[in-house]
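Residue strings, one per chain:
Number of protein chains: 2
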Amino acid sequence: MSNQKPSIPKGTRDFGPEEMARRNYIFDTIRGVFKKHGYVPIETPAMENLDTLLGKYGEEGDKLLFKILNSGDFLNGIDPEGMTSGALSMKLCEKGLRYDLTVPFARYVVQHQQEVEFPFRRYQIQPVWRADRPQKGRYREFYQCDADVIGSNSLLNEADLLGIIDTVFSKLNVRAKIKLNNRKILAGIADYIGQPEKITDITVAIDKIEKIGFDAVNQELEQKGVSVQGIYKLEPLFAITGYNQEKLDKLGRILQHSATGLKGIDEIKNLLAYLKPLDLKSTVELDISLARGLNYYTGTIIEVKAMDAEIGSICGGGRYDDLTGIFGLKDISGVGISFGADRIYDVMKHLKLFPGETDRSSQIMFANFGENEALYCLTLLAKLHAAGVSAELYPDNAKLKKQLSYADARHIQFIVLAGENEIREGLLAVKNMVTGEQVKVTPEELVELVKSE
Amino acid sequence: MSNQKPSIPKGTRDFGPEEMARRNYIFDTIRGVFKKHGYVPIETPAMENLDTLLGKYGEEGDKLLFKILNSGDFLNGIDPEGMTSGALSMKLCEKGLRYDLTVPFARYVVQHQQEVEFPFRRYQIQPVWRADRPQKGRYREFYQCDADVIGSNSLLNEADLLGIIDTVFSKLNVRAKIKLNNRKILAGIADYIGQPEKITDITVAIDKIEKIGFDAVNQELEQKGVSVQGIYKLEPLFAITGYNQEKLDKLGRILQHSATGLKGIDEIKNLLAYLKPLDLKSTVELDISLARGLNYYTGTIIEVKAMDAEIGSICGGGRYDDLTGIFGLKDISGVGISFGADRIYDVMKHLKLFPGETDRSSQIMFANFGENEALYCLTLLAKLHAAGVSAELYPDNAKLKKQLSYADARHIQFIVLAGENEIREGLLAVKNMVTGEQVKVTPEELVELVKSE
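So the sequence lines, in the order shown, correspond to chains A and B.
Going by our numbering, the first sequence opens with residue 46, and the numbers climb by one from there.
Going by our numbering, the second sequence opens with residue 46, and the numbers climb by one from there.
Read the hints as simulated data drawn from the structure, not as lab findings.
All figures in this text were calculated on a predicted structure; none of them were measured in a lab.
Quick reminder that beta carbons are idealized off the backbone N, C-alpha and C, glycines included.
All clues stand as given, with none of them false.
Stretch by stretch, here's where chain B covers chain A in the computed footprint (C-beta under 8 Å, at least three residues):
{"id": "1", "region": "70-82"}
{"id": "2", "region": "85-95"}
{"id": "3", "region": "128-142"}
{"id": "4", "region": "150-158"}
Calculated lysine-lysine pairs in the BS3-like style (CA-CA distance at most 27 Å, straight line):
{"id": "5", "chain 1": "B", "residue 1": "Lys-314", "chain 2": "B", "residue 2": "Lys-224"}
{"id": "6", "chain 1": "A", "residue 1": "Lys-108", "chain 2": "B", "residue 2": "Lys-55"}
{"id": "7", "chain 1": "B", "residue 1": "Lys-326", "chain 2": "A", "residue 2": "Lys-428"}
{"id": "8", "chain 1": "B", "residue 1": "Lys-80", "chain 2": "A", "residue 2": "Lys-447"}
{"id": "9", "chain 1": "B", "residue 1": "Lys-447", "chain 2": "A", "residue 2": "Lys-375"}
Some residues of chain B that are not near chain A, with every Cβ distance over 10 Å (derived):
{"id": "10", "residue": "Asp-145"}
{"id": "11", "residue": "Asp-236"}
{"id": "12", "residue": "Tyr-237"}
{"id": "13", "residue": "Gln-240"}
{"id": "14", "residue": "Lys-253"}
{"id": "15", "residue": "Lys-256"}
{"id": "16", "residue": "Pro-281"}
{"id": "17", "residue": "Leu-293"}
{"id": "18", "residue": "His-302"}
{"id": "19", "residue": "Ser-303"}
{"id": "20", "residue": "Leu-317"}
{"id": "21", "residue": "Asp-391"}
{"id": "22", "residue": "Met-393"}
{"id": "23", "residue": "Asn-477"}
{"id": "24", "residue": "Ser-497"}
Make the full structure from the sequences, and use the hints.
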């Protein structure tokens, strides 16, 4: 075999020990909070049947699915002559990599409905894959950390999820602003301008206000067939300012003739009331320009931004009333959130929020002075492991300088030097790499010395 | 969209909360021991470039790779006319799902050689994918838990890995038998029968002794061109019995003219000497019929069987002297082990070895008696969460019976009943679902009550 210059597919990443430690710090924090709120874990396969995935993420989403070539003689019985790539791919592939965790979750709930206890509070932390054009902060493989409650339409679930969001970011020391909206308010706005059928177009356009500004949004609305009069009526809506209560009052007056719109306002009011006893640290702000593209949201819409970093949303979610319907289970309401671990990582790295301790490896390394000394150290090593101390023996009888520089690079605090003399005396020389101190201790004292750190 | 009956690709699995808790118990145990021995984690992408994977697992392995269809207009410039599936697949796909964790690790080490501190002790716990025919206990997606040391040829590394194996299975309460062999002994045997060039065929055939028996193995050897005389000379070798020391002595006499064979015997002797101070609980047995198919092993070969269950190996590994060579980094010796989490799960389930506690969800559930009561409970809930107690509020004002049966199904121990009366009194009724006891406590006493459990 010829030499290959090793590389990985574009948009994917290797994670080394230091990054792993930091990523695990984020995952462990999120997982810990999910658990504390009574959510239980599930995992689904990386590959789903393509018909589970197709049509769930819009036309654009379908194109971004990674498809798996059928195994074996996949061409058997297929004449590719004259077929387009799109048509042929459907013949050659019946599986795809999951695109998010929400659709697999919906599929899971329907498939396992007999085993599931409703309301079902599940969390799921797994990678997803999208054939997006890779760019800064956007990857083709990335982790999502989702928590959803399915089988209950109480707004207490929204409150609980917002409590989770608040706790996670406060534990991670990331100052967060939680933006709320309600799809029914957006529907009310479409009612108000007299074009309820344009709700989707309006939602999609509105979602871009922050990115492309009012003028471009208005242009897009016009293209989509929203009347000029409608566009005029829309504009002041998005200029509504003030505290949440003021905004809701103003909005209530504008949407007074839309039953749906008023219901949305009511839901936000109730949710805000539930949040009071939770005493969140994060700012919570009603933002009626928040739509989050995804058409399956039917009620509450949630998006979280980091206050001290310029980056897209670091968490988002919402309520969907009929996600499981397409898989045959009707009238099951759900609400969920998804943390974007990669963006959170970027924010924390940028703001230097990782604790120094995350990349700890062994606490102790025994230097290697040769066969006999190594055998002597092995007994001690086994004792340390049994006592719960992470420890290792340098495997080769290399120069001490090399061994010490290895320990140093790996941030190992204690080096045990057990040479011929020490073994004869029944003592161990222990060098503290942080303080530079060196002491002689008995093997028994070694465990205590390390544990006291 | 029409209704779809939800399903997942054959050979893949969903894991529900109970299975997840048990699987995490296995993963956490393995991870904990890896860490205690100073191994650090890495993760690599699910997708690798196909040229990283192809040719590494033999012809059969190449066929078992899941290939990813190129994105976009993948047919552009390709005329599929007259191409075989195999040839076409190489035009349509440039990525594949990883087949194991060893080759991606080798690729990682070469690609990141400037950042890596040698000897590099890494662990990696991730799923792998193989387009194998699914059958009982064999899946198309399964997890591997690998630990490898690369950049040191000391047998202390083998000893350390065997220590890890022993600790993992003793923590999991799985009685394990560790089988050892050395590729150099197998080479010595090929020398001994005078056909050193047949080492691979002999290895592959020998590996099947346990599965297909001597006669079938001999037949295969004959087909592969091993002389009848050679086959006669082989047979008594595999009938060698006794303690490890006796076996080594007998083998030493037989292989006395093969320098390689004697080196293999020496390595096993040294390794056994290193194991003494570690005082392993598992049985360690030299088994010269152990070959583990994989041709990249060059020294020690390791395989672990559960003593109380009829199942294939639950862990395996060995030393490879030139794994990174194909990626351009020569003369780096490595040794590694891989735990098969799925098989371990099956063994533990069969032997009922999972502790009852693994599937804990919330410790406390607040029953829901309506709006005002829920608001009252939310404050307490936030306090419990802050105190580190896992707790939830039933989200709907459903019949109490339904709420209790939900709590029961989820093994929640304490139900807090805070109705109108309790709230007026400033007390909470707490029902212990395990003992049936019901007590009234103040909110402050509630935290203590739960924490004392």
